[in-house]
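Asks: Each chain is listed here by its residues.
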Amino acid sequence: MGIGVQLPALGESVVEGTIARWLVKEGDRVERDQPLVEVTTDKVDAEIPAPVAGVVEKILAAEGTTVPVGAELARIAEDGLQASAAPAAAAAKAVAGAQPVAAAAPAQRATPVAKKMAEEARVDLRRVEGTGVGGRVTKADVKPEAQRGALPAAAAEAPAARPAARRSAPGREAAPAKPAFLSYQLQPGDKLIPMTPLRRLVAEHMVLSKRVSPHVGTVAEIDMQGVVRVRDQHKRSFQEDHGFSLTFLPFIVHAAVRALREYPRLNASVLEDAIVEKKDIHLGIAVETEKGLVVPVVRHADRLSLSGLAEVIEDLSGRARSKKLSADELKGGTFTISNPGRHGNLYGFAIINQPQVGILRMGEIVKRPVVREIEGEDAIVIRPIMHLALSYDHRAVDGAPANGFLHRVRELLETAEFDL
Amino acid sequence: MARALRVEHLGLVPYGEALELQEKRVEAVRAGSAPDTLFLLEHPPVITLGRSARRENLRLPVAELARRGFAVHEVARGGDVTLHAPGQLVGYLVCDLAARGVPDVHRWLRGIEASLLAALGALGLPAAPRAGWTGVFVDDPAADAAGLAPRKIASIGVGLRGWTSWHGFALNVTLDPHAFDVIVPCGLHAVRMTSLERELATRPEAAPADLDARARAAAAAAFEAWLA
Numbered sequence: 512m513g514i515g516v517q518l519p520a521l522g523e524s525v526v527e528g529t530i531a532r533w534l535v536k537e538g539d540r541v542e543r544d545q546p547l548v549e550v551t552t553d554k555v556d557a558e559i560p561a562p563v564a565g566v567v568e569k570i571l572a573a574e575g576t577t578v579p580v581g582a583e584l585a586r587i588a589e590d591g592l593q594a595s596a597a598p599a600a601a602a603a604k605a606v607a608g609a610q611p612v613a614a615a616a617p618a619q620r621a622t623p624v625a626k627k628m629a630e631e632a633r634v635d636l637r638r639v640e641g642t643g644v645g646g647r648v649t650k651a652d653v654k655p656e657a658q659r660g661a662l663p664a665a666a667a668e669a670p671a672a673r674p675a676a677r678r679s680a681p682g683r684e685a686a687p688a689k690p691a692f693l694s695y696q697l698q699p700g701d702k703l704i705p706m707t708p709l710r711r712l713v714a715e716h717m718v719l720s721k722r723v724s725p726h727v728g729t730v731a732e733i734d735m736q737g738v739v740r741v742r743d744q745h746k747r748s749f750q751e752d753h754g755f756s757l758t759f760l761p762f763i764v765h766a767a768v769r770a771l772r773e774y775p776r777l778n779a780s781v782l783e784d785a786i787v788e789k790k791d792i793h794l795g796i797a798v799e800t801e802k803g804l805v806v807p808v809v810r811h812a813d814r815l816s817l818s819g820l821a822e823v824i825e826d827l828s829g830r831a832r833s834k835k836l837s838a839d840e841l842k843g844g845t846f847t848i849s850n851p852g853r854h855g856n857l858y859g860f861a862i863i864n865q866p867q868v869g870i871l872r873m874g875e876i877v878k879r880p881v882v883r884e885i886e887g888e889d890a891i892v893i894r895p896i897m898h899l900a901l902s903y904d905h906r907a908v909d910g911a912p913a914n915g916f917l918h919r920v921r922e923l924l925e926t927a928e929f930d931l
Numbered sequence: 002m003a004r005a006l007r008v009e010h011l012g013l014v015p016y017g018e019a020l021e022l023q024e025k026r027v028e029a030v031r032a033g034s035a036p037d038t039l040f041l042l043e044h045p046p047v048i049t050l051g052r053s054a055r056r057e058n059l060r061l062p063v064a065e066l067a068r069r070g071f072a073v074h075e076v077a078r079g080g081d082v083t084l085h086a087p088g089q090l091v092g093y094l095v096c097d098l099a100a101r102g103v104p105d106v107h108r109w110l111r112g113i114e115a116s117l118l119a120a121l122g123a124l125g126l127p128a129a130p131r132a133g134w135t136g137v138f139v140d141d142p143a144a145d146a147a148g149l150a151p152r153k154i155a156s157i158g159v160g161l162r163g164w165t166s167w168h169g170f171a172l173n174v175t176l177d178p179h180a181f182d183v184i185v186p187c188g189l190h191a192v193r194m195t196s197l198e199r200e201l202a203t204r205p206e207a208a209p210a211d212l213d214a215r216a217r218a219a220a221a222a223a224f225e226a227w228l229a
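Top to bottom, those sequences are chains A and B.
Position in the first sequence (from 1) plus 511 gives the number in this note's numbering.
Position in the second sequence (from 1) plus 1 gives the number in this note's numbering.
Hints in this document: simulated from the structure, not taken from any laboratory.
The beta-carbon is built from N, C-alpha and C at its ideal position, and this holds for glycine as well.
Any given hint could turn out to be false.
Below, a sample of chain A positions facing chain B; criterion: calculated Cβ distance under 10 Å [what the hints assert, rightly or not]: (1) Gly522; (2) Ser524; (3) Ala531; (4) Lys842; (5) Gly843.
Under 10 Å between C-beta atoms, here's a sample of chain A residues computed to sit facing chain B [as the list claims (entries may be wrong)]: (6) Thr551; (7) Val555; (8) Ile559; (9) Leu719.
Restraint-style ranges between C-beta atoms, simulated for each label pair [to be verified]: (10) B/Leu11 <-> A/Asp752: 55 to 63 Å; (11) B/Ala218 <-> A/Glu574: 39 to 47 Å; (12) A/Ala785 <-> B/Trp227: 29 to 37 Å; (13) A/Glu751 <-> B/Asp211: 32 to 40 Å; (14) A/Pro775 <-> B/Ala132: 38 to 46 Å; (15) A/Pro775 <-> B/Asp211: 41 to 49 Å; (16) A/Leu712 <-> B/Ala229: 34 to 42 Å; (17) A/Thr926 <-> B/Leu13: 52 to 60 Å; (18) B/His179 <-> A/Glu537: 42 to 50 Å.
All chains should be modelled from the sequences, with the hints used to inform the complete structure.
Replies: Structure below.
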């Protein structure tokens with residue numbers, strides 16, 4: 512009779528394998544060490560070689576079946592020896608060994624000590640959950656059962672009261688806990704919108720930012736009359752020179768960049784146990800596009816004039832909307848300005864764009880009655896007012912510098928000494 | 002274990018060619034005519050299905066993948082579906098585990114993981130294995146606590162012929178993680194793929210320009226420290 516080919520112990524924690532594919536069939540001649548069969552375990556695909564040269568006499572485990580370590584997979588009639596005339600009994604025995612694991616499980620899944628203890632205490636091993644390597648039942652698993660076994664029969668016969676004992680998920684490593692997402696039963700008429708990769712990225716970034724960074728908000732009320740006047744003065748000539756209209760955004764960016772120079776703590780990042788105040792100022796401009804929110808970066812924003820800023824912002828936001836930005840143009844921002852620009856937007860606090868420590872969010876510019884001292888007398892006048900909200904990271908920035916920065920932005924905008 | 006390890010840098014090699022090369026080296030190592038080898042290389046775009054791969058983990062039909070420049074291969078390694086493309090460092094380890102005194106596939110897998118962690122550590126990225134999953138993930142407790150999807154940076158899939166290993170790992174260096182959008186990497190829906198470049202970019206010290214070469218050197222050093 513032939514030489515048996517067994518599923519080898521591929522590792523201490525490997526207790527079984529699944530027959531993926533036979534590379535030979537019955538009657539094939541094989542060389543010694545020639546791969547016979549592919550067996551898969553969770554992350555490894557193992558080819559089992561022929562132990563001897565000869566003819567494949569019998570294949571004992573079908574493709575797709577899961578067999579325990581040590582099970583006989585095939586028999587090979589070794590060269591020079593005649594194939595056994597009556598291998599039936601041996602084959603039948605081997606087949607039993609190669610049955611799917613579910614049937615053979617209890618015997619395979621306990622350490623010898625545990626088996627002995629179970630036998631003595633008459634504990635049914637199938638009812639014991641294994642905590643050992645590969646889900647094997649150990650002495651420690653059997654012990655409480657054995658002690659219970661010493662109690663009156665009724666207690667031992669009440670497995671229903673112990674749901675753990677009924678579980679039969681042996682061998683596999685426990686599945687890791689999944690992140691907690693809401694589950695929701697769809698109702699008729701509900702619309703399910705799968706997240707695009709960009710949406711997912713934005714979502715995860717928002718959660719991360721709120722998680723790592725304690726946000727504080729502060730708001731300034733800014734009289735935009737000076738800026739409006741400068742803009743009105745240059746509106747027509749700017750349009751003629753540049754081919755697009757001058758918006759308020761470059762003014763805000765210009766003022767913010769100058770204030771950042773004076774308050775470097777707002778142009779920073781938090782490391783594990785240090786804060787970096789960055790030399791360069793690369794300003795992110797949050798732009799809403801059809802596809803979602805993107806934040807192109809104006810590099811070295813402090814080196815640009817007002818019209819230079821306007822040019823770059825126009826170019827970046829245009830290309831953001833037509834999806835023509837390169838990955839580099841979205842990287843490396845050190846501070847961000849968000850301009851949601853919708854009517855009805857008094858003010859609101861943006862989420863900090865990590866790993867930055869501050870973000871300014873522009874409110875709508877609306878004419879409002881405000882009190883001004885004119886020629887020594889208080890008077891109610893009508894002015895274009897914008898609320899500018901700063902969110903800052905309290906790990907790096909305290910209230911005084913944050914308010915100082917915001918106040919300086921306000922001062923620069925209200926003084927409105929802008930050269931185009 | 003006084004066995005030598007030869008590290009061979011192959012550059013960009015089509016998947017099929019690399020597979021043949023591995024097979025030849027597997028036979029040579031089994032015959033004792035070649036030393037244990039670590040091949041370091043990159044592949045042109047290709048999607049490979051391990052033995053336990055499920056077709057539904059391809060998000061596009063094979064014809065559409067082909068139109069997008071991805072060849073699809075079924076291969077004799079463990080694991081589900083994965084993707085290779087330039088910018089990803091691929092390492093194939095052809096080693097005789099029995100001769101090394103480690104006839105244990107799980108210890109082998111853990112060794113590959115540990116070496117990748119060491120290489121990433123040397124490159125400035127803290128990474129960690131994750132209980133229950135094979136592969137290497139970015140170590141980000143804040144993201145974990147916030148319930149964000151774990152970010153996988155390297156995949157591992159190993160084959161054995163007798164006790165000689167083949168296949169190995171794939172480490173995303175400068176490969177755009179969005180390349181993986183066409184598949185469910187490793188069949189794990191709850192995992193997001195990332196790259197070394199991307200992870201280093203979120204840290205204040207910018208990623209160096211020659212990241213691919215540095216990753217190659219770091220991986221070679223880490224595996225030599227383990228196996229040579």
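Asks: Looking back at the numbered hints, which does the structure fail to meet, lowest number first?
Replies: Structure breaks hints 13 and 15.
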